[in-house]
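Number of protein chains: 2
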Amino acid sequence: MRGGLWSAAALACVMPAVVQAQEQVAGRWIVTVDYFGTPTVWTLTLKQDGATITGDLTGDVLTGTVKGNEIRFLAKDTVGGSEDVTARLVKGRITGEMLLVDGSEPTRTPHRLAFTAERPPEPASRPPMRHEFVPTRFYRQFSPSNPPALHVNPGDTIHTSTIDAAGIDAEGVRRAAPGNPQTGPFYIDGAMPGDTLVVRIRRLRLNRDTAISTNGMTERGQDARTAVRMAGTGKPVTWRLDRDKGIAMPEAPGDALKGYWVPVRPMLGGIGVAVDARPPAPGSGDVGRFGGNMDFNEMGEGTTVYLPVAVPGALLYFGDAHAAQGDGETTGDALETSMDVEVEVDLVRGKSAGQVRIETPAHLVAIGMEGSLDASFRAASSSMFGWLSADYGLAPADIAQIYGTAAEYRVSALPGRAAGMVLKIPKARLATLPGAKKP
Amino acid sequence: MRGGLWSAAALACVMPAVVQAQEQVAGRWIVTVDYFGTPTVWTLTLKQDGATITGDLTGDVLTGTVKGNEIRFLAKDTVGGSEDVTARLVKGRITGEMLLVDGSEPTRTPHRLAFTAERPPEPASRPPMRHEFVPTRFYRQFSPSNPPALHVNPGDTIHTSTIDAAGIDAEGVRRAAPGNPQTGPFYIDGAMPGDTLVVRIRRLRLNRDTAISTNGMTERGQDARTAVRMAGTGKPVTWRLDRDKGIAMPEAPGDALKGYWVPVRPMLGGIGVAVDARPPAPGSGDVGRFGGNMDFNEMGEGTTVYLPVAVPGALLYFGDAHAAQGDGETTGDALETSMDVEVEVDLVRGKSAGQVRIETPAHLVAIGMEGSLDASFRAASSSMFGWLSADYGLAPADIAQIYGTAAEYRVSALPGRAAGMVLKIPKARLATLPGAKKP
Chain A
0 MRGGLWSAAA LACVMPAVVQ AQEQVAGRWI VTVDYFGTPT VWTLTLKQDG ATITGDLTGD
60 VLTGTVKGNE IRFLAKDTVG GSEDVTARLV KGRITGEMLL VDGSEPTRTP HRLAFTAERP
120 PEPASRPPMR HEFVPTRFYR QFSPSNPPAL HVNPGDTIHT STIDAAGIDA EGVRRAAPGN
180 PQTGPFYIDG AMPGDTLVVR IRRLRLNRDT AISTNGMTER GQDARTAVRM AGTGKPVTWR
240 LDRDKGIAMP EAPGDALKGY WVPVRPMLGG IGVAVDARPP APGSGDVGRF GGNMDFNEMG
300 EGTTVYLPVA VPGALLYFGD AHAAQGDGET TGDALETSMD VEVEVDLVRG KSAGQVRIET
360 PAHLVAIGME GSLDASFRAA SSSMFGWLSA DYGLAPADIA QIYGTAAEYR VSALPGRAAG
420 MVLKIPKARL ATLPGAKKP
Chain B
0 MRGGLWSAAA LACVMPAVVQ AQEQVAGRWI VTVDYFGTPT VWTLTLKQDG ATITGDLTGD
60 VLTGTVKGNE IRFLAKDTVG GSEDVTARLV KGRITGEMLL VDGSEPTRTP HRLAFTAERP
120 PEPASRPPMR HEFVPTRFYR QFSPSNPPAL HVNPGDTIHT STIDAAGIDA EGVRRAAPGN
180 PQTGPFYIDG AMPGDTLVVR IRRLRLNRDT AISTNGMTER GQDARTAVRM AGTGKPVTWR
240 LDRDKGIAMP EAPGDALKGY WVPVRPMLGG IGVAVDARPP APGSGDVGRF GGNMDFNEMG
300 EGTTVYLPVA VPGALLYFGD AHAAQGDGET TGDALETSMD VEVEVDLVRG KSAGQVRIET
360 PAHLVAIGME GSLDASFRAA SSSMFGWLSA DYGLAPADIA QIYGTAAEYR VSALPGRAAG
420 MVLKIPKARL ATLPGAKKP
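Taken in order, these protein sequences are the chains called A and B. For the first sequence, position 169 matches number 168 in numbering that gives the first Met the number 0, and the numbering has no gaps at all. For the second sequence, position 9 matches number 8 in numbering that gives the first Met the number 0, and the numbering has no gaps at all.
Keep in mind that the hints were calculated from the coordinates and are not lab data. Keep in mind that a hint or two might mislead.
Note that identical chains are pooled: a pair holds if it fits in a single copy or bridges any two copies.
[What the hints assert, rightly or not] Calculated pairs, DSSO-like style, for lysine-lysine (alpha carbon to alpha carbon, straight line, at most 30 Å): (1) K46 to K90; (2) K66 to K90; (3) K234 to K426; (4) K257 to K426; (5) K436 to K257; (6) K244 to K436; (7) K244 to K257; (8) K350 to K257; (9) K244 to K66; (10) K436 to K234; (11) K66 to K46; (12) K244 to K234; (13) K426 to K350; (14) K350 to K436.
Turn these sequences into a full structure, and let the hints guide you.
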């Protein structure tokens with residue numbers, strides 16, 4: 000494997016071979032390595048030609064042999080790392096050891112690591128179905144280590160609920176510690192690293208009559224004058240949600256704000272997939288290529304989110320629903336509430352943009368989630384370049400003209416580590432192009 | 000006068016008094032000072048009680064006497080500066096000298112400066128009228144020194160035209176050097192520093208069939224990957240404007256962009272008033288409290304711009320019209336073209352926000368024009384705080400809740416010195432409030 004702590008080896012130990020009926024080694028495997036106490040998921044793809052096997056182990060090119068149920072191969076990366084593997088296949092499960100040399104370690108000390116490998120769960124052969132899922136546990140990391148809450152097929156629909164950012168459910172009962180606890184993770188059978196998970200938000204409805212917010216301004220939004228003005232604010236505010244009228248009002252407004260109301264516009268603040276096990280798992284307030292706490296107020300009904308799959312099954316999480324939110328979530332807490340959620344999941348196999356893409360009914364949306372609005376502006380612009388180039392066959396100079404005439408830049412979220420900004424391109428403009436994707 | 004090169008004095012020379020019929024000294028005067036070769040406009044307000052006069056000279060508090068047509072007073076600021084003035088009033092015009100001590104100069108050397116003062120032109124007593132104005136000169140500074148192109152009353156309408164950013168008019172003829180040459184300046188009779196100029200954009204129509212743009216990306220929008228992609232772009236592109244259909248198309252698109260079109264959405268890139276004479280006048284590509292090259296794509300028909308008046312007559316300039324522009328003017332040049340323009344001007348006397356405010360049919364808009372999107376985000380947020388506080392009686396905690404539920408943040412312009420960002424608050428939300436302004 001290339002890079003980091005995760006490069007590769009030469010195995011010494013030869014395991015005793017027990018004679019068994021020959022099993023098929025070719026195909027895809029999910030490898031679980033015990034990496035110094037951290038169970039870590041890799042992928043293994045094998046091709047067999049007689050006794051010869053080729054393929055890759057998490058991207059490292061391998062060659063080896065298979066003899067009965069005994070497997071031996073050497074995988075190499077491009078920076079001097081390698082994995083020398085000896086294993087056996089018994090009853091559809093590979094068990095073995097690898098001698099791993101990490102090409103990035105100065106000493107290149109070989110490490111002996113145990114692993115197992117299993118076939119990835121393939122989607123059941125059946126028509127798409129709708130799952131009624133009642134969550135009982137909630138998670139605060141986009142972690143690959145949490146047990147799947149439910150296995151679903153690509154094409155299936157999940158009907159479930161989320162609790163609010165503070166951990167309170169529709170009945171007002173605390174169900175988790177505060178900090179955007181997420182529903183899930185949902186294991187999408189057949190999803191493998193390199194695929195794209197498609198999440199279509201079909202339904203997002205209020206399921207209680209209150210939301211919680213604060214009356215302050217996110218620190219990133221305060222200039223010196225605002226900071227002085229805002230001293231002593233940042234206190235909790237309860238909002239009343241009128242589900243019949245579809246509006247929200249502060250429960251106890253002062254005289255000046257009496258009568259203020261906004262239409263509700265339900266959205267998911269958080270939606271993401273598990274990161275792979277190499278870095279420590281990000282918390283439910285974080286954002287990145289895995290999605291996460293994006294707090295973009297157009298993440299509502301009718302929006303589709305494309306997420307790069309990093310681990311087998313993708314492990315989809317969502318939560319932190321808001322009844323309404325201005326651009327930027329300037330109050331730090333939007334109108335935080337629990338929600339009735341229905342999403343349809345799908346899979347684009349073997350293709351990944353490596354970053355989050357969003358599609359609303361009217362727009363393609365690229366999101367920048369960097370440390371400043373300026374950096375996120377550049378990141379969103381760059382991300383959309385890749386999208387328009389790949390899907391519409393446009394050259395940079397063409398794309399520049401589309402931006403110059405049709406770009407819409409909005410602030411998504413500001414309270415967290417990232418100062419999010421999105422670039423929206425109207426689909427109506429792209430529909431005029433020869434390379435336009437047909438719906 | 001407080002601060003800068005512009006503080007104040009004690010006059011020695013006593014001028015010979017010629018006996019004349021006594022004229023009225025009370026009221027407002029426009030003072031033109033010859034400041035080391037730069038003609039500089041100050042304001043003078045006088046109250047008379049017998050032989051005693053009080054008032055202020057450009058903010059410095061004065062006391063003095065009037066005897067026949069002879070005027071003497073001493074004006075003082077709060078940092079040790081002063082103006083000691085001796086002058087005479089003859090036929091409605093004051094001529095005199097001042098000994099100015101600049102409180103910020105270490106030596107406080109007194110400077111002897113000549114000045115004249117005249118009554119500000121008051122609006123003619125007549126119903127509002129519509130002026131047909133054909134521009135013959137164009138200006139590339141928001142300068143107080145350019146001669147007024149036309150005197151208008153508050154309430155009047157000006158129908159005129161602008162040439163494009165490159166200096167080309169509706170007939171394709173060069174009329175000025177490139178760099179956003181502006182039509183104007185229009186002198187609004189009665190406008191004085193401390194007032195607010197109201198500019199209602201009534202009509203903004205294409206008057207030719209082409210626009211010029213470029214196919215690059217503003218430097219501020221390029222991350223490293225984009226910079227590599229964009230190498231060799233930034234070339235001119237001609238756009239065809241179909242005035243009947245109201246659409247714009249690149250004249251010679253490549254295969255991938257064939258058929259691309261956008262609806263035209265005419266806007267004024269530049270709209271501003273003259274700065275006072277103290278700083279050097281900003282160029283027509285600059286922005287600030289005077290307005291300027293804001294390049295905000297909602298500055299179209301139906302939009303009202305509020306500008307703080309800095310000099311007598313305000314001196315309104317506008318130009319740099321775009322047929323269409325995406326958020327941020329990412330190409331550096333939007334669809335630059337000439338335009339048929341009609342604006343109605345009005346005046347709010349004695350009241351100024353000290354910064355630009357914008358009102359569209361649906362939104363109040365505050366604009367930040369600082370050096371980064373992050374700073375402009377804060378500036379726009381801070382500016383809107385002032386607006387909602389003053390006009391709607393809202394406390395910071397109230398305003399925070401409005402932002403949190405209804406703020407819309409958009410990028411305005413990026414190519415210049417400023418990375419502009421606007422904060423839009425829907426009027427529909429404010430209409431719910433007890434303190435709402437009635438239309």
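Checked hints:
1. K46 to K90: within (19 Å within a copy, 104 Å between copies)
2. K66 to K90: within (16 Å within a copy, 116 Å between copies)
3. K234 to K426: Cα proximity of K234 and K426: across copies only (26 Å, versus 41 Å in one copy).
4. K257 to K426: Close across copies (16 Å), not inside one copy (39 Å); limit 30 Å.
5. K436 to K257: Cα proximity of K436 and K257: across copies only (15 Å, versus 48 Å in one copy).
6. K244 to K436: between (38 Å within a copy, 25 Å between copies)
7. K244 to K257: within (18 Å within a copy, 46 Å between copies)
8. K350 to K257: Intra 52 Å, inter 28 Å, cutoff 30 Å: inter-copy only.
9. K244 to K66: For K244 and K66, the Cα distance exceeds 30 Å both inside one copy (70 Å) and across copies (73 Å).
10. K436 to K234: between (48 Å within a copy, 28 Å between copies)
11. K66 to K46: within (14 Å within a copy, 109 Å between copies)
12. K244 to K234: within (27 Å within a copy, 53 Å between copies)
13. K426 to K350: within (22 Å within a copy, 45 Å between copies)
14. K350 to K436: within (17 Å within a copy, 54 Å between copies)
When the structure is compared with the earlier hints, a violation turns up for hint 9 alone.
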